[in-house]
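Asks: Residue numbers (full-length UniProt numbering), protein chains in the order written: chain A, 1 to 781; chain B, 1 to 580.
The hints are simulated quantities; they were obtained by calculation from the structure and are not laboratory data.
There may be inaccurate statements among the hints.
[To be verified] Using 16 Å as the maximum straight-line C-alpha spacing, the simulated EDC-like pairs for lysine to aspartate or glutamate come out as follows:
id : chain 1 : residue 1 : chain 2 : residue 2
1  : A       : Lys425    : B       : Glu539
2  : A       : Lys338    : B       : Glu312
3  : A       : Lys428    : B       : Glu526
4  : A       : Lys306    : B       : Glu522
5  : A       : Lys308    : B       : Glu539
6  : A       : Lys306    : B       : Asp109
7  : A       : Lys430    : B       : Asp117
8  : A       : Lys320    : B       : Asp368
9  : A       : Lys572    : A       : Asp467
10 : B       : Lys538    : A       : Glu420
11 : B       : Lys111    : A       : Glu309
12 : B       : Lys536    : A       : Glu309
13 : A       : Lys430    : B       : Asp109
14 : B       : Lys540    : A       : Glu420
15 : B       : Lys545    : A       : Glu358
16 : B       : Lys121    : A       : Asp421
17 : B       : Lys524    : A       : Glu309
18 : B       : Lys537    : A       : Asp322
19 : B       : Lys524    : A       : Glu353
20 : B       : Lys528    : A       : Glu420
21 : B       : Lys550    : A       : Glu321
22 : B       : Lys545    : A       : Asp421
23 : A       : Lys430    : B       : Glu539
24 : A       : Lys425    : B       : Asp117
25 : A       : Lys425    : B       : Asp133
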Amino acid sequence: MRTVNLESQKNGTMSKAKEKSAKKRVVEEDDDQLPIFDKDVTEKKAGEEDDADLSDSEESVFSGLEDSESDSHDEEEDAEEGDDEEDDDDAVILDEILTKSSGVETATEPPATDKNTPTQPDVKTAPKRKMKKGEGVAMDDGGEKGLITTRHGDEYEHDTSDEEDIRNTVGNIPMEWYQDYPHIGYNLDGKKIFKPIRNKDELDEFLDKMENPDYWRTVHDKTTASDIRLSDEQVDLVHRLQKGQFGDVNFNEYEPSVDFFTNEVMIHPVTNRPQDKRSFIPSLIEKEKVSKLVHAIKMGWIKPRKPKETTPQYYDLWAKEDPNAILGRHKMHVPAPKMRLPGHEESYNPPPEYLLTEEERMAWEQQDAEDRKLPFLPQKHSCLRAVPAFSRFIHERFERCLDLYLCPRQRKMRVNVNPEDLIPKLPKPKDLQPFPTTMSLVYIGHSSLVRSISASPTGQWLVSGSDDCTVRFWEVNTGRCMKTLEVGGAVKSVAWNPNPAVCLVAVCFESTVLLLNPGLGDRLVVSSTDQLITSYEPPEEDKEQAVTWALSEGPEHDNGHRLTLTHPKAVKQVVWHGKGDYLASVMPDNSSNLQVLIHQVSKRRTQNPFRKNKGLVQCVSFHPLRPYFFVATQRYVRVYNLIKQELTKKLMTNCKWISSMAIHPGGDNLICGSYDCRLAWFDLDLSTKPYKMLRHHKKALRGVAYHKHYPLFASGADDGSVIICHGMVYNDLLQNPLIVPVKVLKGHQITHDLGVLDVTFHPTQPWVFSSGADATIRLFT
Amino acid sequence: MGGLQKKKYERGSATNYITRNKARKKLQLSLADFRRLCILKGIYPHEPKHKKKVNKGSTAPRTFYLFKDIRFLLHEPIVRKFREYKVFVRKLRKAYGKAEWTGVERLRDNKPGYKLDHIIKERYPTFIDALRDIDDALSMCFLFSTFARTGKCHVQTITLCRRLTVEWMNYVVTSRSLRKVFLSIKGIYYQAEVLGQLITWLVPYQFAHDHPTDVDYRVMATFTEMYTTLFGFINFRLYQTLNLVYPPKLDSKAESELKAEHEEDYAMDSESYLEKLSALSASLARVVATAEEEENQLDLFPTEGENMQAREKEQKEQEAQKRLFEGLKFFLNREVPRESLAFILRCFGAEVSWDKSLCIGGTYEVTDETITHQIVDRPDMDKQYINRYYIQPQWVFDSVNAQMRLPVEDYFLGTTLPPHLSPFVEEKDGDYVPPEKLKLMALQRGEKPGKSRAELDSEEEDEEEEDEEEEEEDDEEEDDVDDEELTEEKNLKKMEGTRVTPGKVKPWETGSVGNKVRLEQEEKAEEKRLAIMMMKKKEKYLYDKIMFGKKRTTREVSSLRCAPAKPTRHITCHHSKVQT
């Protein structure tokens, strides 16, 4: 600002001044106050200090513009050189002053302030000087620039230097406010300054850009709505500032430093005042104080400081101990456990068996410090003299300290249980006889795993179905294979009709269920069975059925085939109803509701009892007495009432995958074997959750069975064992069933990770049959 | 409906616990000060039952203190002392910075200190409580007393520790309460029975310590600060119970003796007094001069109970042990650890002396003809007196543990020593008992040690112990002195027997009787197996765990029993045989 002021005072031309003011206004606003002060001083000092004026270059510290402008005028060159000389003179003068006053520290202002002091006069004087020089120049300038102001020569008379070169008095406002007016403000006389008649539009702008070679250095001044062309110096200045250089070309950043304070010691003192007398005489006041202290010491009022007792004093701390006065906290307090006492292995000369062998030592060294059973290596020394210091002694003490104050303490109740007490007291198996104990017969003949077995209701015959596509009939007592029937696929399930008056065996393979008459046993029964089948008369209207019933004839009939039920899907299991007329078959399929079919043999009728698919059916079973039907899906067993056609119960087995199911002859209890090694006993009257979960087997259970008369049940599993349990069900509803394992029967070899596949009891004797993956059937009696 | 909504973690266990950082902030202490406070006051963290609940849902690992504990700390006067000390340090630093040396001196003079008496009283309301907890204090003080007086901790602490341990040893000597000693590779374990409390402590061997860098000595020093206070009060009380003067004074007679001989060797009386005390060779001054015998008689009074006999017997044994070395005169060679041996021997009534140049307090010379045992730990001696035994130091330790003077032959100069066993091991059923221990027990029973260990070993291997068992039974009838041990051993042997039977039964007994027995056994085993099948899941788990532990111990025992070191032992035994 200051410079701008100077400019305007100097030469009234002011196109430049304007552009500067426009540009610099923002930058130098804070300097604004100064000029007022400057002005006053200027007036005063102007005359006297004219000579001592400093150079342009000095002043241009504040404004490069000023300088550059002055440079542009050739006429000024000389003057400037003169100025430079003056500058030199100045330095000389300063030096003189310094040398004069160096003895006293008041001498000069420090170099930093140096700038201020000289500049002030400089600023004040500069305008005058410039004015003198510049008057002629202004004319030239004026000719050059487009804007010529009306006020000219006498402008300075009424102008104050603190004001900048103002043409427009609206002040520092956004000029957009005047957009809609014909004028852009007011001049000093209060008259409107009108906008140029024709505003430059885009086209003009463009033409200008194309034609005007100075377009790039033209700047638009909004306050006056005029274009200003920057001079070369100004452009230079802009460049320099952009590069971060000083505005003044001539400014030397690296002036040689001037040592203002000499380091030479002066021979003469600054002052020559003789010392006071009082500095030689002892102080009276002090003397008084000392005498007071002396008196106090004499009188024994002040005693010398006793050395502090550092050794602790001990006394009978527990002289008045009161065990009842224990704080509540201490009742809860857990005293620190004592250190473990050392064993033989810690001795300096342990028995040789406690020393580690080479391998043990290696293992010890490789273990982590925490995993080691012993925190040290047992060592043997021949005599006490040879025992070295224990290197971890301090460590161990420190660790003990850490344990004492960092470890949480807890009273842990140590279970001091005699393991024998944990074993439940059960009735002796001896007292629960009879049950099968020994393997007495092995039925050999099959060549592949025997999937399923079933005993005849009389207990004389046994039927087995195997993966070698045969069904074999055995005499139980002799182990003789009475009959072998080839069927068209691996037999999945066989079931002997439980009705003793009928001699029928259901066999399922692939998608067929075959009803066979083995022709064993009583002739009368055999013939009556045949009669029963042939006596069927087809009903008048033939209903569409899911299964096709076909009567066998010819050689097949001779083989014993009687009826063939062709199912739409592969059949996995067949089960007879207790009365022997109904037959259920299972076709596991997760995607349809056609999974279970119930057939009536006498009427050759088939029905699908379920409309909905409730999951993959594993096995089904009929209630032995009442019209209930049990369906085991993967995890649940559902009990349906066939007459009311509704779901009565849903049993949660807590198993992952049910494999087999058997129903107690009383009908109120049920066991489920599962592939996750569990056997769940349900008491249907009690709950839908298992009454007992037995985890006797080590591997997946494949078959479970109840005995018809004896309180026994058996389970066969993949570990090749059959476990016989005593499962007593009481008539008294309040008494829970008693379950006692009585025998583990082993005999089956494990082949292909499969052991026992099916178990079934003899209908009358306490015997159990088991079929295994080793292609044998075994009888345990 | 209605009422304010309950907020989580504003009641229950979340409010009963406080994290360490919060506790620290509540007490306005730095972490180091908080630690010190916890050490001094015996506050330790607690493990909450439901950590997540207490941690306000977070599972970050945090240390929890009981809120009650921290509240209890709030009123601790020592906390103020800590703050004062902090201010003192600040002032001192400032004075140093300004180089105000008089100020520094003044501040130093007024350095704030604190006493832990009230804390000790509060932590241990009764004397027995304190005595019960003194194990760690003893070990720590013994360790600190062996530190060199350079750097690691204050010299005052070291001297104080030394003083207290010397006082303690003097007390144990005077009260003859030492029971067991054990030379381990870490140091020497001592066990004393003081006022019915078994106190065990560990003393490192006398070597310069190699100070580890990963140990925080500030923590150790804080513990020692607490322990020395506790220890001093306990010593005071213990000396009081024995009518001894505290701080301990030597008996006037003994003092005069010592003075006459060694006055010229030591410069200052004040310095040499502790040394004289620590020599342990003289008895202590009593407040009222009473004979020791009286006390023993007093001891006998309260033994009128139901199982009087047993107690009386025990008492007798103890009395006998206390007089184990009475009437013997020992001389310690310079290579044996003087302090521990002098301590042990004096505890059991022996007279001890050592070379004059070794330590103050030796009462007689090597040349004394009345010396019965000289303890030597070097392969050979040039000049030997005929009328004394030259034995290795282990004899003393083993004799103390066996509560009898063991035959000296095995411990003669230059012989290979028998293994040194830990007296702290009490074998239960099924534990491994080293053959040396069996031999020792036989010795204690009064059997002739005619059999050498080689025979003993072979006997064990052959397992023909029937004769011996009979013998034992006879012994039992004769004198039921050590009833317990005998039965214990019998149990052990029986067990070994049962272990053998399954192997032996088969070839012998093929008759119907054996069959029946076997069948019965098998039946029983099966019954058990079936019953185990019916166990509940929880009980089964517990049962399995117990059985696993049992199996492991039996495995360990068997591995010890068939250790590969047997042949070497044979050799050593032969060697010893030749020597004897």
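Asks: All hints, please: hold or fail.
Replies: Hints, one by one, checked against the model:
no., hint, result
1, Lys425(A) with Glu539(B), "13 Å, holds"
2, Lys338(A) with Glu312(B), "29 Å, violated"
3, Lys428(A) with Glu526(B), "11 Å, holds"
4, Lys306(A) with Glu522(B), "89 Å, violated"
5, Lys308(A) with Glu539(B), "67 Å, violated"
6, Lys306(A) with Asp109(B), "10 Å, holds"
7, Lys430(A) with Asp117(B), "72 Å, violated"
8, Lys320(A) with Asp368(B), "51 Å, violated"
9, Lys572(A) with Asp467(A), "13 Å, holds"
10, Lys538(B) with Glu420(A), "15 Å, holds"
11, Lys111(B) with Glu309(A), "12 Å, holds"
12, Lys536(B) with Glu309(A), "69 Å, violated"
13, Lys430(A) with Asp109(B), "92 Å, violated"
14, Lys540(B) with Glu420(A), "11 Å, holds"
15, Lys545(B) with Glu358(A), "31 Å, violated"
16, Lys121(B) with Asp421(A), "46 Å, violated"
17, Lys524(B) with Glu309(A), "78 Å, violated"
18, Lys537(B) with Asp322(A), "50 Å, violated"
19, Lys524(B) with Glu353(A), "37 Å, violated"
20, Lys528(B) with Glu420(A), "9 Å, holds"
21, Lys550(B) with Glu321(A), "46 Å, violated"
22, Lys545(B) with Asp421(A), "14 Å, holds"
23, Lys430(A) with Glu539(B), "25 Å, violated"
24, Lys425(A) with Asp117(B), "59 Å, violated"
25, Lys425(A) with Asp133(B), "46 Å, violated"
Hints 2, 4, 5, 7, 8, 12, 13, 15, 16, 17, 18, 19, 21, 23, 24 and 25 from the list above are not met by this structure, while the remaining hints are.
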